[in-house]
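Peer 1: Read off the chains here:
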Amino acid sequence: MGLLSRKATCNSHGQDSSYFLGWQEYEKNPYDEVKNHRGIIQMGLAENQLSFDLLESWLAKNPDAAGFKRDGQSIFKELALFQDYHGLPAFKKALVDFMAEIRGNKVTFDPNRIVLTAGATSANETLMFCLAEQGDAFLLPTPYYPGFDRDLKWRTGVEIVPIECSSSNRFQITASALEEAYEQAQRKNLRVKGVLVTNPSNPLGTTMTRDELDLLVNFITDKEIHLISDEIYSGTVFSSPAYVSIVEVLKDRNLENTQVWERVHIVYSLSKDLGLPGFRVGAIYSNDPIVVAAATKMSSFGLVSSQTQYLLSAMLSDKKFTKEYIAKNQKRLRKRQSKLVAGLEKAGIGCLESNAGLFCWVDMRHLLSSDTFEAEMELWKRIVYDVKLNISPGSSCHCSEPGWFRVCFANMSEDTLTLAMQRLKSFVGSIASNDRSHQEMKNSRRKLRSKWVFRLSFQSFHDREQDER
Amino acid sequence: MAAMSKIATGNGHGENSPYFDGWKAYETDPFHPIDRPDGVIQMGLAENQLCFDFIKKWLIKHPEASVSTAQGVNKFKEMALFQDYHGMPEFRRAVAKFMGKVRGDRVKFDPDRIVMSGGATGAHETLAFCLADPGEAFLVPTPYYPGFDRDLKWRTGVELVPVHCESSNNFKITRDALEAAYVKAQEANLRVKGLLITNPSNPLGTILDRDTLKNVVGFINEKNIHLIGDEIYAATVFMEPEFVSISEIIEEDDVECNRDLIHIVYSLSKDMGFPGFRVGIVYSYNDAVVSCARKMSSFGLVSSQTQHLIASMLSDDDFVDDFIAESKNLLFKRHKYFTRSLSQVGIGSLKSNAGLFIWMDLRRLLREKTFEAEMELWRVIINEVKLNVSPGSSFHCHEPGWFRVCFANMDDNTMAVALSRIRTFVLKNNEAMVPPRKLCRLSSLKLSLSRRMDDLMSPSILSPHSPLPQSPLVRARN
Numbered sequence: 001m002g003l004l005s006r007k008a009t010c011n012s013h014g015q016d017s018s019y020f021l022g023w024q025e026y027e028k029n030p031y032d033e034v035k036n037h038r039g040i041i042q043m044g045l046a047e048n049q050l051s052f053d054l055l056e057s058w059l060a061k062n063p064d065a066a067g068f069k070r071d072g073q074s075i076f077k078e079l080a081l082f083q084d085y086h087g088l089p090a091f092k093k094a095l096v097d098f099m100a101e102i103r104g105n106k107v108t109f110d111p112n113r114i115v116l117t118a119g120a121t122s123a124n125e126t127l128m129f130c131l132a133e134q135g136d137a138f139l140l141p142t143p144y145y146p147g148f149d150r151d152l153k154w155r156t157g158v159e160i161v162p163i164e165c166s167s168s169n170r171f172q173i174t175a176s177a178l179e180e181a182y183e184q185a186q187r188k189n190l191r192v193k194g195v196l197v198t199n200p201s202n203p204l205g206t207t208m209t210r211d212e213l214d215l216l217v218n219f220i221t222d223k224e225i226h227l228i229s230d231e232i233y234s235g236t237v238f239s240s241p242a243y244v245s246i247v248e249v250l251k252d253r254n255l256e257n258t259q260v261w262e263r264v265h266i267v268y269s270l271s272k273d274l275g276l277p278g279f280r281v282g283a284i285y286s287n288d289p290i291v292v293a294a295a296t297k298m299s300s301f302g303l304v305s306s307q308t309q310y311l312l313s314a315m316l317s318d319k320k321f322t323k324e325y326i327a328k329n330q331k332r333l334r335k336r337q338s339k340l341v342a343g344l345e346k347a348g349i350g351c352l353e354s355n356a357g358l359f360c361w362v363d364m365r366h367l368l369s370s371d372t373f374e375a376e377m378e379l380w381k382r383i384v385y386d387v388k389l390n391i392s393p394g395s396s397c398h399c400s401e402p403g404w405f406r407v408c409f410a411n412m413s414e415d416t417l418t419l420a421m422q423r424l425k426s427f428v429g430s431i432a433s434n435d436r437s438h439q440e441m442k443n444s445r446r447k448l449r450s451k452w453v454f455r456l457s458f459q460s461f462h463d464r465e466q467d468e469r
Numbered sequence: 470m471a472a473m474s475k476i477a478t479g480n481g482h483g484e485n486s487p488y489f490d491g492w493k494a495y496e497t498d499p500f501h502p503i504d505r506p507d508g509v510i511q512m513g514l515a516e517n518q519l520c521f522d523f524i525k526k527w528l529i530k531h532p533e534a535s536v537s538t539a540q541g542v543n544k545f546k547e548m549a550l551f552q553d554y555h556g557m558p559e560f561r562r563a564v565a566k567f568m569g570k571v572r573g574d575r576v577k578f579d580p581d582r583i584v585m586s587g588g589a590t591g592a593h594e595t596l597a598f599c600l601a602d603p604g605e606a607f608l609v610p611t612p613y614y615p616g617f618d619r620d621l622k623w624r625t626g627v628e629l630v631p632v633h634c635e636s637s638n639n640f641k642i643t644r645d646a647l648e649a650a651y652v653k654a655q656e657a658n659l660r661v662k663g664l665l666i667t668n669p670s671n672p673l674g675t676i677l678d679r680d681t682l683k684n685v686v687g688f689i690n691e692k693n694i695h696l697i698g699d700e701i702y703a704a705t706v707f708m709e710p711e712f713v714s715i716s717e718i719i720e721e722d723d724v725e726c727n728r729d730l731i732h733i734v735y736s737l738s739k740d741m742g743f744p745g746f747r748v749g750i751v752y753s754y755n756d757a758v759v760s761c762a763r764k765m766s767s768f769g770l771v772s773s774q775t776q777h778l779i780a781s782m783l784s785d786d787d788f789v790d791d792f793i794a795e796s797k798n799l800l801f802k803r804h805k806y807f808t809r810s811l812s813q814v815g816i817g818s819l820k821s822n823a824g825l826f827i828w829m830d831l832r833r834l835l836r837e838k839t840f841e842a843e844m845e846l847w848r849v850i851i852n853e854v855k856l857n858v859s860p861g862s863s864f865h866c867h868e869p870g871w872f873r874v875c876f877a878n879m880d881d882n883t884m885a886v887a888l889s890r891i892r893t894f895v896l897k898n899n900e901a902m903v904p905p906r907k908l909c910r911l912s913s914l915k916l917s918l919s920r921r922m923d924d925l926m927s928p929s930i931l932s933p934h935s936p937l938p939q940s941p942l943v944r945a946r947n
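Keeping their order, the protein sequence lines are chains E and U. The letter at position 227 of the first sequence is residue 227 when you use the numbering used here, and the numbering goes up by one with no holes. The letter at position 316 of the second sequence is residue 785 when you use the numbering used here, and the numbering goes up by one with no holes.
Please keep in mind that the hints were generated in silico from the structure rather than gathered at the bench. One or more hints might be untrue.
For lysine-lysine, the following DSSO-like pairs were computed, each having C-alpha atoms within a straight-line distance of at most 27 Å [as the list claims (entries may be wrong)]:
id, chain 1, residue 1, chain 2, residue 2
1, E, Lys77, U, Lys525
2, E, Lys93, U, Lys493
3, E, Lys69, U, Lys622
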């Protein structure tokens, strides 16, 4: 008899993916400006490190919130005891107001419809438990965040069927791709319960167009299924087109309080927009009271620490602060993204035009030795081991075309970014300046060496695993 | 077609149990010494509120423990970014050390086996996911904490099979009872994957003696099934006999044990009184379980802000030693006062030396030896005596007439009020020798035993965890 469950002994946690593998290499040889100048620069981590000074200065000005106090009185005991899964009302109010502000106040949210969870990781899993049975399926446009394989499938038994998107139309969702995915699910005897989209997209860094959103609404109406919109990057939209949220579209089409209105659920988090992944603040927003009720009970398995709820409710209730933060943060992201794009250009590398997110979707198809995923892996290994940049290969995001990589720009200093771009430029230059056949010989030798190095390091990362978006 | 899952629309969340229902009465009429002196006193909530002053003194002296104060803010960015599911090393070290100290330093815990979870609630569910497939079963001695029905079964599809314990031997877990439960499971075609024990026990307030523990370990080894030891009340053992942990038993020379079967659930919610901070721990002696549980902890990591606070606090050896001693002392005093006052009016309870509650024996007050009579009595206690206590049936107790009554979640004054109400009720009862009919009329003040969906929709409905309206954090909505 198997001692452990099937879940414990299988691979569905998805951590053998190259997405996580790259971090192992980074962990072994991390870049440090002073101590390890030749180390690997982490560009596979979608963190926002650009605006901590704004948070820290707010903390300095608000000692009460920081020190378990309200109006000078200690509320430590009340916070320590507060484990109500309905969440701190002041925090929920502040959070929904923040969400509305990010959407230009074109829509409003009801604090009674929000459920707090331990990060978006937990929010996504909880929604699967609420909306689908084991063996049901959700459709997801590719490329998508690799963590979804764990969050949506692992313990729930739900399947993911890809909606294939292609570079030919900037990876936008098309009606035919939706239908094709649906039919594919049916051919596999999978009952489709809904579609899950990430908007703004990870890894593309683009916001969905109104047409795409309309398409989705039509599709889920026609098929009578759910739509989950993961909007954790909504606050990172730094240039036009302006962000259009799914709720705005529903509102504009007068679909409020209809059946389809109750089948649209939003996932949110403060990990990206506020740069606070360690605090584990996630949320589910739904107009279906039964989903809210069920998800609320399930949140028992991953509540947000009351200490954190209190601190952030004070911070997000400070409207002057949130307005300033959102604007400044977006400006800094825009600047930083431009720097990455310009640096890539100098290396003769293009990327998908993007207006959001903490990363760019970089086009290295022209650097592939062949139009295959094997070639993509080869190139990736060279970039990790030789160029010493940890970036994420498109295959780990289930992209259907080889040659694309997600490269993060907001989790390092400007100087580090400059260095990364220089390394990349030298690398590309060194490829171009060589004779083609000479290059092929070098390739095969490097391939062997990389494979060998790769195999050695493969053993050790089963001992230490990391977990990031 | 877009229906929700069976898990979401079914009753597996377990909230239709009277355990949670009692709170409804409390919610509509909560006791307050000044504003509502006749309100219902909450005695159904196993919280430890006795040590906050002690902890506050430490906090005032250590502002750097909070990453958001001026003294701690230099660590803010690092904490805010830290989402590694291995958990902060200093947090794990501090928790491991604390767990050791709570067990008198008779055992050492390895920080690398400490895995975070969303409270003990999350820890139990995670272990169920790791150790069992849907349709498989765990054995659980009765009476047991009602939340287990949700934590172990709801989303996992795992079954629970009770191991019946009787008052005739003080609810001890016997080898016979274990074997009987095992056979019962097999007859129901359920493959047993493990045994879950809560030690110290909720709701009994007792600890397992050495012999029982050895029996239990022998049993699980023989059957090659897992043993989950929920030890979240370990630091609440306030008097002899001394607590013996699973971690100690497996080290003993005469105990044969496959360590891959041994797992401990821990939390700071009871021992420290911090349920709001959601610090749950899975501690397993099985490497594969540690690894799997750690990956699953992504679904319920402890906020890094909280990890930092706890690491600072629990690394302070002097504070920890003083806290453990002070907490025991205050619990001992409160327990003694409560049980003594009760016995003065002829109310007995199971002899206990741990926990935040007593297992009160009201069998003689039952109209008849049935669970219906228990429910009637319970309604009288809520509506007439105005105390929210938890009926034994909600803990799957095999015998009617037992109630769990919490004593550590209120101040001295409230405790005195609760006792005077009990005194009054008992004396009146003794005098009047209330005939069965009268009792029935009283019980017509009905409490609905099942919640309707729309009740749940109301924002004022309590969560199973805390008395919502009383929290000033909730009243201060803006």
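Peer 1: Hints first: check each against the structure and report whether it holds.
Peer 2: Status of the hints after comparison with the structure:
A threshold of 27 Å between alpha carbons decides the hint, and for E:Lys77 with U:Lys525 the separation of about 8 Å falls inside it, so the pair holds. For the given pair, E:Lys93 sits about 25 Å from U:Lys493 by alpha-carbon distance, which is consistent with the 27 Å threshold. Between E:Lys69 and U:Lys622 the CA atoms are separated by roughly 39 Å; this puts the pair beyond 27 Å, and the hint is violated.
Of the numbered hints given earlier, the model fails hint 3 alone.
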